[in-house]
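These protein sequences, in sequence, are chains A and B. Quick note, the first sequence lines up with residues 1 to 503 if you use this note's numbering. Quick note, the second sequence lines up with residues 1 to 503 if you use this note's numbering.
Simulated from the structure, these hints should not be mistaken for laboratory data. Everything numeric in this text was worked out from a predicted model, so none of it was measured. Where is the CB? At the ideal position from N, CA and C, for every residue including glycine. Some hints here could point you the wrong way.
To be verified - The calculated EDC-like cross-link candidates involving lysine to aspartate or glutamate, where the alpha carbons are at most 16 angstroms apart (straight line), are:
#, chain 1, residue 1, chain 2, residue 2
1, B, Lys367, A, Asp60
2, B, Lys213, A, Glu278
3, A, Lys114, B, Glu111
4, B, Lys120, A, Glu138
5, A, Lys213, B, Asp194
6, B, Lys114, A, Asp116
7, A, Lys367, B, Glu111
8, B, Lys57, A, Glu138
Claimed, not checked - Over the 12 angstroms line for every Cβ pair with chain A, so calculated as not near, a few chain B residues:
#, residue
9, Leu159
10, His233
11, Ile277
Said to hold, decoys possible - Just the calculated beta-carbon pair ranges, DEER-fashion:
#, chain 1, residue 1, chain 2, residue 2, range
12, A, Glu348, B, Asp116, 44 to 50 angstroms
13, A, Pro375, B, Lys46, 17 to 23 angstroms
14, B, Lys368, A, Pro184, 46 to 52 angstroms
15, A, Glu271, B, Met453, 55 to 61 angstroms
16, B, Asp60, A, Lys315, 26 to 32 angstroms
17, A, Lys487, B, Thr115, 30 to 36 angstroms
18, A, Glu260, B, Lys190, 44 to 50 angstroms
19, B, Ile277, A, Ala305, 31 to 37 angstroms
20, A, Ala305, B, Asp194, 28 to 34 angstroms
21, B, Pro187, A, Lys487, 44 to 50 angstroms
22, B, Pro184, A, Glu262, 27 to 33 angstroms
23, A, Ser201, B, Ile277, 50 to 56 angstroms
2 protein chains.
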Amino acid sequence: MFSRVARSARNTPSLPRASRALQARQFSSLDLIPDEPAGPSVVTQKIPGPKGLAASKEIDAFQDPRTHVIVPNYEESKGNYIVDADGNVILDVFAQISSIGIGYNVPALLELGKTDEFIKAALNRPALGSFPPVQWAEWLRTGLLTVQPKGLDQLITTLCGSSANETAFKCSFMAYRQRERGSPDAPFTKEEMDSCMDNQSPGAPQLSVLSFKSGFHGRLFGSLSATRSKAIHKVDIPAFDWPSAPFPALKYPLQEHVKENEAEEKRCLEEYEKILIESKSARPVAAVIIEPILSEGGDKHASPAFFRSLRLIAKKHGAFFIVDEVQTGVGATGTFWAHEKWGLQEGEEPDFVTFSKKMQAAGVFHKKETRPNAPYRNYNTWMGDPMRALQARKMIDIIRQHNLVSHTASTGASLASSFKSLFASSAAAGKVSNFRGEGDGTYLAWDLATPAMRDSFVGKMRNHGILIGGCGEQTVRLRPMLTFGEKHAEILVGTAEKVLKEL
Amino acid sequence: MFSRVARSARNTPSLPRASRALQARQFSSLDLIPDEPAGPSVVTQKIPGPKGLAASKEIDAFQDPRTHVIVPNYEESKGNYIVDADGNVILDVFAQISSIGIGYNVPALLELGKTDEFIKAALNRPALGSFPPVQWAEWLRTGLLTVQPKGLDQLITTLCGSSANETAFKCSFMAYRQRERGSPDAPFTKEEMDSCMDNQSPGAPQLSVLSFKSGFHGRLFGSLSATRSKAIHKVDIPAFDWPSAPFPALKYPLQEHVKENEAEEKRCLEEYEKILIESKSARPVAAVIIEPILSEGGDKHASPAFFRSLRLIAKKHGAFFIVDEVQTGVGATGTFWAHEKWGLQEGEEPDFVTFSKKMQAAGVFHKKETRPNAPYRNYNTWMGDPMRALQARKMIDIIRQHNLVSHTASTGASLASSFKSLFASSAAAGKVSNFRGEGDGTYLAWDLATPAMRDSFVGKMRNHGILIGGCGEQTVRLRPMLTFGEKHAEILVGTAEKVLKEL
């Protein structure tokens, strides 16, 4: 998908398949970041060290520091290595929160930063909906639009993943009501125009977005209503009375539990369809939103067949289908978009695909039929940010040039194999379970025996110079950058072994 | 306020008052933008011209162009002048959507863009809540925190005004429920933790935000529920059942209608308090949100006494008080924050002040008592953007160095006087009414006789080389940058006279 669109859009000659594969095998992060450190270097007893703690304390005077992990020195960080306030050099396999695409201070990206084009785009931020720069079409056509998911040739840019999802919600609600009215030209009634000003139906309709338990879609009021990750994310915040459906609790490794997993998926699909039907009488579902891998919620997987069914059942009941690729997008799963693996037929593509994080630019790919029927219905001051679109364009160029998606697929395959060996060894006995994500690039995860053991694992890894993230209750998730390769994998697996023995 | 905080924070010596005033009088945009054009230059019959229309058509392939006004060439734009795709040089008194602070391509800002510090901040975007840069405290202390509104020494950074307002809502809801529980340490009940996951009370409480008719607070799901500007902004989008109170419909000029305006304000205050009381039984009001001048809704003003009463009545009924300075903030009203003019007593400051637009950085100033009682309750991936904080810091420095707030106050005063003469002349007879904003810097507005005449005025002004904005039903609003001065004012008033005659 990625290379197909890339070629047609940029008109670059295709490489023979074998040569592409060779190139992918040979990529080293040193190609892009010549001065990347050779390994972690820990100079304080614990991480964060005294300078990091002092920096957090300084921030505490005006901003909540309780969620700080480390206080980095971004000027010194390079490639896959983040340097903290104390000078610790740390292998970063969390990539902020899965939000750094190809590394810190990648020279080719810094070069972009020095261009007149970038500086002027950054410091003359336009209101894109009304005053788009004269280069806007070109910037998108040679950048974000080259990675448009199959079938989705429209793009609304936004500032973050939460607002990308809420934009997809709004477009769904508008298109749903428009369909009910029978025509794009059907006028709003006076009752609708009046009642919406009081937040009452029919103008503010009793419609809903269906999401899945453990799903995460952001923390603004609409997106948070669809988020079902953790109570601490939701408690005390008013929410829309929207339904949630069960997400399959599969057994891992998937290939060893095919029958029971199929049954579990079937059970969830039935429950999902039941909710769609039951909602019709009270608060019909205008859109269904799902992540290809439920990430914040604990790296929960399901089969391509399950997702294909979700899509078809949504369509059957008149709901738009939104794929939230804010975390899964941009190559980490070994395909540019994770949902490419679902094998959706032509005409069955998602209605919306949202992105942010690693892409740096954020937004919604969609179809022209969900463009609102009147201007100013989807509108705000900035409508995205050209400098982030330029950053994304450059990053996409680099990803393409170095075949970083296939590089990540192959690195992930060999990394998964190393982890499987480690987790089958005595070091992991009774501690690690549910290793998952094989076949999804470096998007790997596993559970520790308890939440406390997970936290201890993450903390000890950090003290050994590896920054790694958790998710769900007791899961460790890998989210390295696309330049992560064999040599980083060796350090990662070796350190994990050491830490597992210490647990 | 601005200079007081500025001095105490940066420790720069204060200038004698007279000399400050002199400096303010003498400021010319050429001090900052030596090559700013001397006036508009229109090269096409209409604006947009053929190249602009072609650029919009190109964008139409993938993005809605119906709201385009012009397609600018940002590289060529300078100071108060925006250049479009056709080479028209246009005096911009709308400043995108009131979102450019001091001008296009101001050399001192472009210098910032070339620094290593800025480039690395832009291209290594951190997840600020967990991995803030080691310079974060310094960047804020010497930048955004120097303009903190009185009494509000805490700052949550966000990406846009809508999310700033929603952050203030969330903090209000959390603090409200915490107060109900009696202590910051009171644990959530199991029922709360469970029910919030299903979007049901008590975990997702039946609480509300009260806003005012014609108010605008953004277009995400929470902020849109508080927005009451226009039906086209709200129709078809589900909304929370939150109350709205009437905003005074004052008669202008204010000083000629003191008595009846007082009565109108009293009526609105009584209705407001009634709604606060009545809401208690169904959906108690946790927060009240208001703009100091209702801007999108048509530049509606009220007296300082009215706002002081709003604040006190909110407090009396246990609601937090949010001042939305997204559009009014950053000097355009002749004080750095518009609410400085209210004369609030110590201890009666707003609980939250939100900002974005001209500041480029966005966020919420608040008090430490509304910091959530546990980590991760207010959290997201980016939590703001350091490069925008650096941009804001530089802009604040420039504003301070050139006394641009007092410059804007005095420019606004003389501009208002010119407009009053014009609007009293035969050119405006039967066409212009309700001139308003005198005393509020360049934040001036007036009504045309009909919505169509307003649109015609705005269109003709553009064809004469002046980009000016509308708001409300038939209002024209001025939103020039802080470098707008006498010579721009002359061109503006002269052109307005010409256009009024043509109408």
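Hint check:
Simply put, B/Lys367 and A/Asp60 have alpha-carbon atoms about 13 angstroms apart, close enough for the 16 angstroms limit, and the pair holds. Among the hinted pairs, B/Lys213 with A/Glu278 is inconsistent with the structure: their alpha-carbon atoms are about 36 angstroms apart, more than 16 angstroms. At roughly 11 angstroms between alpha-carbon atoms, A/Lys114 and B/Glu111 fall within 16 angstroms of each other, so this suggested pair holds. At most 16 angstroms may separate the alpha-carbon atoms for a hinted pair to count; B/Lys120 and A/Glu138 exceed this at roughly 25 angstroms.
As the CA atoms of A/Lys213 and B/Asp194 are separated by approximately 12 angstroms, the hinted pair is consistent with the 16 angstroms bound. The hinted pair formed by B/Lys114 and A/Asp116 meets the criterion: a straight-line CA distance of about 9 angstroms does not exceed 16 angstroms. Between the alpha carbons of A/Lys367 and B/Glu111 the distance comes to roughly 41 angstroms, so the proposed pair goes past 16 angstroms and is violated. With a CA separation close to 12 angstroms, the supplied pair B/Lys57 and A/Glu138 stays within the 16 angstroms bound.
Some Cβ of chain A comes within 12 angstroms of the Cβ of B/Leu159; the nearest lies about 5 angstroms off, and the non-interface call is violated. With 12 angstroms as the threshold on Cβ separation, the claim that B/His233 sits away from chain A is violated: the shortest Cβ distance comes to roughly 7 angstroms. Every Cβ of chain A is farther than 12 angstroms from the Cβ of B/Ile277; the closest lies at roughly 19 angstroms, confirming the non-interface assignment. In this structure the supplied range 44 to 50 angstroms holds for A/Glu348 paired with B/Asp116, their Cβ-Cβ distance being about 49 angstroms.
A hinted range of 17 to 23 angstroms for the beta carbons of A/Pro375 and B/Lys46 is consistent with their spacing of about 19 angstroms. Distance hint for B/Lys368 and A/Pro184: a CB-CB separation of about 51 angstroms, consistent with the stated range 46 to 52 angstroms. Look at A/Glu271 against B/Met453: about 58 angstroms separates their beta carbons, and that is inside 55 to 61 angstroms. Separation of B/Asp60 from A/Lys315 is about 27 angstroms and conforms to the stated range, judged on CB atoms against 26 to 32 angstroms.
A hinted range of 30 to 36 angstroms holds for the C-beta pair A/Lys487 and B/Thr115, which are about 33 angstroms apart. A/Glu260 and B/Lys190 have their C-beta atoms about 31 angstroms apart, which leaves the hinted 44 to 50 angstroms range violated. Checked against the hint of 31 to 37 angstroms, the C-beta distance between B/Ile277 and A/Ala305 comes to roughly 56 angstroms, which is inconsistent with it. Range check, A/Ala305 to B/Asp194: about 32 angstroms between beta-carbon atoms, so the 28 to 34 angstroms window is met.
Taken as a hint, the range 44 to 50 angstroms holds for the pair B/Pro187 and A/Lys487, whose Cβ atoms sit roughly 47 angstroms apart. For B/Pro184 and A/Glu262, the hinted distance range of 27 to 33 angstroms is not satisfied, since their beta carbons lie about 48 angstroms from each other. A beta carbon spacing of about 26 angstroms between A/Ser201 and B/Ile277 contradicts the range 50 to 56 angstroms that was offered as a hint.
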